[in-house]
Every structure is written in C-alpha cells, then in structure tokens.
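Asker: Each chain is listed here by its residues.
Protein chains: 2
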Amino acid sequence: MGWGDLGAFGEPSKETPNLDQMASEGMLFLNFYTANPLCSPSRAALLTGRLPIRNGFYTTNAHARNAYTPQSIVGGIPDSELLLPELLKKAGYTNKIIGKWHLGHRPQFHPLKHGFDEWFGSPNCHFGPYDNKAVPNIPVYRDWEMVGRYYEDFNIDLKTGEANLTQIYLQEALDFISRQQASQQPFFLYWAIDATHAPVYASKHFLGTSQRGLYGDAVREIDDSIGKILKHLQKLGISENTFVFFTSDNGAALISAPKQGGSNGRFLCGKQTTFEGGMREPAIAWWPGHIPAGKVSHQLGNVMDLFTTSLSLAGLQPPSDRQIDGIDLLPAILQGQLIDRPIFYYRGNEMMAVRVGLYKAHYWTWSNSWEEYSKGIDFCPGQNVSGVTTHTKEEHTTLPLLFHLGRDPGEKYPLSFASSEYEGAMERISNVVQQHKVTMVPGEPQLNVCDKAVMNWSPPGCEKLGKCLKLPESEPKKCIWPH
Amino acid sequence: MGWGDLGAFGEPSKETPNLDQMASEGMLFLNFYTANPLCSPSRAALLTGRLPIRNGFYTTNAHARNAYTPQSIVGGIPDSELLLPELLKKAGYTNKIIGKWHLGHRPQFHPLKHGFDEWFGSPNCHFGPYDNKAVPNIPVYRDWEMVGRYYEDFNIDLKTGEANLTQIYLQEALDFISRQQASQQPFFLYWAIDATHAPVYASKHFLGTSQRGLYGDAVREIDDSIGKILKHLQKLGISENTFVFFTSDNGAALISAPKQGGSNGRFLCGKQTTFEGGMREPAIAWWPGHIPAGKVSHQLGNVMDLFTTSLSLAGLQPPSDRQIDGIDLLPAILQGQLIDRPIFYYRGNEMMAVRVGLYKAHYWTWSNSWEEYSKGIDFCPGQNVSGVTTHTKEEHTTLPLLFHLGRDPGEKYPLSFASSEYEGAMERISNVVQQHKVTMVPGEPQLNVCDKAVMNWSPPGCEKLGKCLKLPESEPKKCIWPH
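As given, the protein sequences belong to chains A and B, one line each in that order.
Mind the numbering: the first sequence is residues 1 to 483 in UniProt numbering, read in order.
Mind the numbering: the second sequence is residues 1 to 483 in UniProt numbering, read in order.
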C-alpha cells in the first residue's frame, strides 16, 4: 500500500472512512518511512529495529539489488537477531503473527522459534497458483504446522480476484484479542496481512464496491477490517490500554497499475525504488486517552521505530549489545516533540540516499535497467525526471543530487550544486553519512543463495494432510536479483 | 492554487489548518472543476454560470488556444451577460468584489456596471513592475476610481516576495462583512484575491514560515485569512446565515515550480491544460447548522454551479432566456444527493475532453507546442504519458482516448479501444457530447483583439493622483495566444 492510498492522505476517491477516522482520533504521520522499498527486508527491519544491511536481509550477489525471500531462498532471519516478540515475552506478552512472515521458511526461521507464540498465515507471498511439480503452492500455517496451501485449500480466484483471506485474518485477530482480554494477558499482535499485494484479491462482499477497481476493493476491505479491530478493542474496554499503529512495508507497486497497483500520491516512482514513492508510507498511531485526537506529526519516522517504541511501551530497554536504528517515538507521539534523526534509503547493499530534515541527498540513482524497462517493466510509469529516474545506475557520491522535500516533494528539481543552500545542507548531510558509514558493520547477507530443494515441498504437518511433495535434488546457486 | 495544495487533499506538509478545519466542519468536494484551465474564462464562467464558449471568454484567433485578459485586451464581459451580482441585487443583496476582476478593464466592463456595488482590487493580474512607458503598472481600484498602482503604491517586492496585499484584501473583507451585519443587509462577497498567482508574494509575518517555500507562505497566508473570515462570521453571529464556498480558478501552475508553483496532487499536468491537474480544484462548502460537519461529496461540481446555487440560496431562479451550464448544488450539499451531469473541458474554442461519471474522454490532447517546450516551457514537468501529454495537437474525435478516473486518476492508462468497457462508456459519452454540440451557440469571442492603446494608461481617478499616463496610438491587432 502506498502513501496516497488513504483518504486522509489525499486519495481522490476517499474510500477509507475507518482509517481516516483512526487518524482523526489519533496521530497522522506525514514523514514515515519503511527501511527498504521491498517486503522481506522491510519486515525484518520492523521486527529487529535494525536496517536490513545489519540484520542480513540483503544481497551481495550484485550491487544495489533488491532481494527478498521467494520459496527458493536458503537464508532467513539469523538466530543472532533479537526480534520484538522475543523481547516482549520477557515482559509477559503473548505474541501472535497473522499473515505473511517473510523472514525465511526453512525450519530454523519459523516465527515460533523467534518469539511468536502463535501464527496463522504463510511464510511467503501468495504468488501462484503453482503446479506443485516445478513449484509448490505456498503453505498456510497454524502455529507449528501447515493447515493447507493457497489455491488448493485457501482459494484465490485469479480471474475474479475473489479470496476471503482478509476475512480469515480479521477473524483470527478478533479471536486472539478476545482471548487475551479474557485471560488478562498483555499481547502483541502483528497483523501482517497479504493484501494489497499482487495478485490482488478481496472477499465477495467487497468485490466491485470501489471506484478504484480491484485494488480499491482490497483497500476497502482492509479499511473495514481495521475499523472492526478498533471497535473490538473499544467494545472489550481495552482501547486505552492498547497502542495501535498502522503502516505499510513499501510504497505502492506502480508496476501493477492501474488494475492492481495503488497510489504513492504525488511522490516519485514506487516500490523497488528509493524515491519517495518507494519508501514513504501511510502511518497512523491510535491510542485513545493517550494520543490527543486529530494530531499530525512531522516527525521523521521509520518502521524500525516500532521496535523501539513497542519496547518502551512495555517498559523494556532495547538491546545494548548491537546497533539499533529505530528510535523511541513516544516523545513525538505523546508530547509532540520533534526528534532530529536521519532516514537512510537502502537498496540491497547500497545506501542510495539519505534524508536529513527537509533535505534528501541521492548518492546513487536508479529506477531499473534499460533492459528491463524496454520489456515494459516500469517502476515510474508516466514519470520521467531527467537525471533522476535513471535507467543506468548513476553514482553521485562526490556530488549528491539534493532535493528540498518541502518545496519539491516529487523530487523533480535538484538544487544547484553552486548554491549556498546546497553547500549548507550537504555539509550537515555529509557528516551524518560519514558517521553512518564509519560505524556500519554489515550483517551476513541472507539473500544470496537460492535452491529449489528448500521450497515448501514438505512443510511440517504435510503428512497429516497428505500434502507432502517430493523434493528435487539440492542445487544451491546464487539468486538472480534483476533490479 | 491546485487540488493538492491543501492538507485536506493530501499536501505532504499539511500546512492549511484553517481550510482543513473548514472541511471538517463542512463538506469537502473531491470532484470539483473549473470551467477553463485559465483565470479570466474561469472567472467569467463562475459569475455567469455559463461556459466561456457561451459568454465570450475565448478566442477564435487560433484553434484550442487559452486566452485571457491582459492589459492590451479590447474585449470584456458583454452587457448581454447576466452576472450573479446583477441578479442577487433583485433580492436585496449588496455585492462586493475584493481582488482580481479579470473580465475586462475598459470602462464598459467595470464591475460596478455589472452588478457589484463595491470593488477593491485590480482589473488584471499583478504582473510587473512595468515602466509606465511601454506598459503601465496595473491600477488598484476602490469602487469607480483607481487609488494607486501595483509596485508604485501597493508594493510587491519581487526579490523578497514580500507584499501585504492579502492582508489588505482580508481587512476589506472583514470590514465589509461587519458593515453588512450592522445594516442587516444580505450580502454577496466575491473574495477573489491574487495570491497564489505568480509573481508569488506573502506578507512579512508569513514569509519563510512554510516548509514549501514562498508559494507555501502564500498558501499559509490565505489559509490564515480564511480562518479569520470564518471566525468573524461566527463572532458576528451570522455564520448560520452565511454560505461560504472555497475554490480555485485553475490548477496549480506547474511551470512556476518549484519556487512559485503549487501542487495538483497526483493529477496530470497543471494550469493551461485540460488534464485533471489543470482543471480539478480544491473545493469546500461551509454553512454551520445546515451542512453536517465532516461530509465528503463525490458530486461532479463546477465553478459555474456557484452561480446557480447562489441564486437558489437567495430564492431566485436562473435566467430562462439562455443556456445556463451551472446546476444547483443544494441537493448535493444539503441532502447528499448525487446529480448526474457531465463536465466539459474546454481550451479556447475547442471541447478537448468530457467527463461522464468516472469516465473521461479526450477528443483532443495537447500540452503545448514542441517549439514552446524546447524553450523550457513545460506544463507537465516530470510527467510524460506517451500519446497523452502530446506536444502536437492530436485529434481523437473519431476514437477518443478514454480513462477511468477512479482506477486511474493520473490519466496514464487509456482503456483499450477494443474493450467492452470502452464501447459501453463511449456510447453514453457520445450521446452527451452530441447533445452538447447540437445545442451549442457560441458567444461573440471577446479575446481576439489586442491594442496597446486600451492599456491602463489613464484609469478613472488617475487625474486626482497625478497618475495619468499618455496613451499611445491605437493599433488594434489580433492577440497572439501561444498555447
């Protein structure tokens, strides 16, 4: 989902009444970012509070390439990483993930081995249907074991776009919350639904109801579900004890537009890129009785902050034995403070850009290769900013391209290198970047090796369902990341 | 000002708290249009309720050219046109225009000859400074006579961007409202300020206060002024008797970006074009006690509707001896009804496009000429949709380019000509267009002839101020409209 997909952020059809109301009852973040323009690294960053370059969710197979966790990926979240639910457990929290895990699907990466107590959902994207011979369909787990597969037991109709997955995830959430409230247990719910990822789906009740087509139907179903979750918290009388945060893991995938692609508002490009459209996210904090209604924050935030902020809410300290990139947002949320901190825009192993205050400096620019682009793969459809949305990877490390995001949120007008404004801003930014680079210790890259043999052929529980598939020979090789 | 310039419409700096509050207390229109992507014709349409092609605010000097009322224009609003204030007078209203008139500056076009009782402002744009030899500076009028000239008596500092004009206009508005309330007279105030038109200015108090630069300073000053006007109405106890509508006369001029140009959100291109960015406008209706707070309307609206709606509010009927294009919006505003009506997008003498429901059909596409574009004049900076933002005037009258504005508000993905969706939508649209063309009786074009001798050399009142300038020889010729 993109920054521009919510009515509160200016989507012209304004079809998200529940999220808009959540914002009007809570705090809207205008400058909230993900840690990566792609799903897996972004989610790894959220749960570890650390940049993907540190927690291993990147590749060194090629320079500045986006990588994630398809079925063939060998790597996953290292045991050495401390995940938010692992830490919350120490404060008595029960932790549940509903939806897409995406931090590796081999046994050692299972979410219940990394702090979660419960899981309902899938390890990978709901791509498919596969033939179960060349590629197996993605399994859906309940806790330790699979309970079926997408397209087989959990239908996604690629023709009509119908699937009731969001409804299932919603019911899982409501049930979990009810159980926790009944047992008086504190809880952490990571509601990581698949929608609005392509192939886009919505349940029957929502199909055809949006002005925006199927993608809009999916957004409306999410909006409706979030409304139901918030009302459930209120009905149970625990809304004033429950901190809720809504955001997305990357910008809208413009490549799927118009039928399956969302909106990044007026920001440049989309998912896969380090322009604003790829990484600035819709974000809303909600906590009645604590966050004053209708507040707007200009704080520069990041999904990694949810790690540190959640620990803070639980009265816990973040780990001191490693670099944590997330900051505690509570002073911004509760006291309206503005904390000075940079935002780093990574693509794989490269820091492409950095934001400091209202300035954003691009050290590298790249949308995708001419080769891909000539095949119709376009991450910036209808947008072309000469020298910015480049199709060759352009290095600007000696003289970064600098934008003022207040005057120019669309990254269309680089500041003149000769201006005193450029000089002043770059002096500050250079210090931030130097400090960042000097202290950077990259983690072991997890997204380098792929192997057909590690696919979801025979997940735990498959034998009970008669759904075990025959593994092919192991043939590890370098994963190919085209962009 | 553009659709995307308000926080309520998704401007990422969200610096318009008063307009956002106006929306949260009133009704936000998402699909509100101007009648023309340029100032004079748009304002003529607003005050007459008629398309510029009918009221004469267009040119036939060349095909599909934008024309307006520079100082050298010979034409203006014809006597045969009935303006909103002329009609409101019959219901006892006192009418005032504050700011830019723009419907002709020769004596017969004076606003007080067309229904207004009072005027403070200028007949033309605040371009300049001029040398008073080749071109005179634009006069500022109080009622019948000039009281000074821009740059001479009403300073606009082009270097710093400082000018207190909006403050003067604000004070005029507050004073007028107070006087009307004291005399218990019903009133119509047309607060037609110059800002945010280039050259952009703001008063000292607002300079440098916006994240968006000088343009944002101007937006903030307008926002603040509107807040003061609404509070004034409330303080005087007449807010429940006063209908207030906020909108703009064309999309943001992207050609002035980034320092002097605003935002059309995610819409395509800007001022001068018939893409959404050129003609979809921010719009808010406010009437406490009548319009329920926080409503959003999807009604297709147009500035021309303000003519008909205002008459309706005053208990008057629109003229029956001529075609009126504006509709009465009160059912949409007060009862939430949706009225089916088309939106026509004209550029000069050509109907470029039409919107029916969520579909928009382009019969002609043109941004501007290659010749202009090659000189750096770009109405769609950073945007380039192949076959859509064309630099040659492209005719599509036999097979219009069709967009679905719900799925594709950015006009990037024309529907396939072979699709049944195309066929179904075009059948409906073709009927609308045929009906429109068959009944169209164009007015006498007013914007064809220019003459240096008609410039503001010696406006009424100049002799009292010693500000009369020598007229050059009359030399009428065809005006040149480049785009």
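Do not rely on the hints blindly, as some may be mistaken.
[What the hints assert, rightly or not] Think about it this way: if two alpha-carbon atoms lie no more than 25 Å apart in a straight line, the pair counts; the simulated BS3-like pairs of lysine-lysine are:
1. K259(B) with K412(A)
2. K231(B) with K295(B)
3. K412(A) with K159(B)
4. K204(B) with K159(B)
5. K412(A) with K452(A)
6. K133(A) with K464(A)
7. K14(B) with K14(A)
8. K133(B) with K478(B)
9. K464(B) with K295(A)
10. K375(A) with K412(B)
11. K412(B) with K412(A)
12. K437(B) with K133(B)
13. K228(A) with K159(A)
14. K412(B) with K159(A)
15. K295(A) with K228(B)
16. K204(A) with K133(A)
17. K375(B) with K412(A)
18. K14(A) with K228(A)
19. K452(B) with K393(B)
20. K452(B) with K437(B)
21. K470(A) with K133(A)
22. K295(B) with K14(A)
23. K295(A) with K295(B)
24. K259(B) with K231(B)
25. K478(B) with K452(B)
26. K437(A) with K393(A)
27. K393(B) with K133(B)
28. K14(A) with K412(B)
29. K412(A) with K14(B)
30. K437(A) with K452(A)
31. K231(A) with K204(A)
32. K231(A) with K295(B)
33. K452(B) with K470(B)
34. K295(B) with K228(A)
35. K159(A) with K231(A)
36. K295(A) with K14(B)
37. K412(B) with K259(A)
38. K259(A) with K375(A)
39. K478(A) with K393(A)
40. K437(B) with K113(B)
These aren't lab readings, by the way, just hints derived from the structure by calculation.
Asker: Now tell me, hint by hint, if it's right for this structure.
Answerer: Each hint, compared with the structure:
1. K259(B) with K412(A): holds (12 Å)
2. K231(B) with K295(B): holds (20 Å)
3. K412(A) with K159(B): holds (24 Å)
4. K204(B) with K159(B): holds (13 Å)
5. K412(A) with K452(A): Status violated; Cα separation ~43 Å.
6. K133(A) with K464(A): holds (20 Å)
7. K14(B) with K14(A): Given that 25 Å is the threshold and the Cα spacing comes to 17 Å, the pair holds.
8. K133(B) with K478(B): holds (22 Å)
9. K464(B) with K295(A): Answer violated: K464(B) to K295(A) is near 54 Å, above 25 Å.
10. K375(A) with K412(B): Answer holds: K375(A) to K412(B) is near 18 Å, not above 25 Å.
11. K412(B) with K412(A): holds (19 Å)
12. K437(B) with K133(B): With a Cα-Cα distance of about 45 Å, the restraint between K437(B) and K133(B) is violated, given a limit of 25 Å.
13. K228(A) with K159(A): violated (28 Å)
14. K412(B) with K159(A): Status holds; Cα separation ~24 Å.
15. K295(A) with K228(B): This hinted pair holds, its Cα atoms lying about 22 Å apart.
16. K204(A) with K133(A): violated (31 Å)
17. K375(B) with K412(A): holds (18 Å)
18. K14(A) with K228(A): Judged against 25 Å, a Cα distance of about 19 Å means the pair holds.
19. K452(B) with K393(B): Between K452(B) and K393(B) the Cα gap is close to 30 Å, so the pair fails against 25 Å, i.e. violated.
20. K452(B) with K437(B): Violated. K452(B) to K437(B) sits at ~36 Å, over the 25 Å cutoff.
21. K470(A) with K133(A): holds (8 Å)
22. K295(B) with K14(A): holds (11 Å)
23. K295(A) with K295(B): Holds: K295(A) and K295(B) sit about 20 Å apart, inside 25 Å.
24. K259(B) with K231(B): violated (31 Å)
25. K478(B) with K452(B): holds (12 Å)
26. K437(A) with K393(A): holds (20 Å)
27. K393(B) with K133(B): violated (37 Å)
28. K14(A) with K412(B): holds (20 Å)
29. K412(A) with K14(B): holds (20 Å)
30. K437(A) with K452(A): At roughly 36 Å apart (the allowed maximum being 25 Å), K452(A) and K437(A) break the hint.
31. K231(A) with K204(A): Given that 25 Å is the threshold and the Cα spacing comes to 22 Å, the pair holds.
32. K231(A) with K295(B): holds (21 Å)
33. K452(B) with K470(B): holds (11 Å)
34. K295(B) with K228(A): holds (22 Å)
35. K159(A) with K231(A): violated (33 Å)
36. K295(A) with K14(B): Status holds; Cα separation ~11 Å.
37. K412(B) with K259(A): Holds, at roughly 12 Å.
38. K259(A) with K375(A): Within the cut-off at roughly 19 Å; holds.
39. K478(A) with K393(A): holds (21 Å)
40. K437(B) with K113(B): Judged against 25 Å, a Cα distance of about 32 Å means the pair is violated.
This entry does not satisfy hints 5, 9, 12, 13, 16, 19, 20, 24, 27, 30, 35, 40, going by the numbered hints stated previously.
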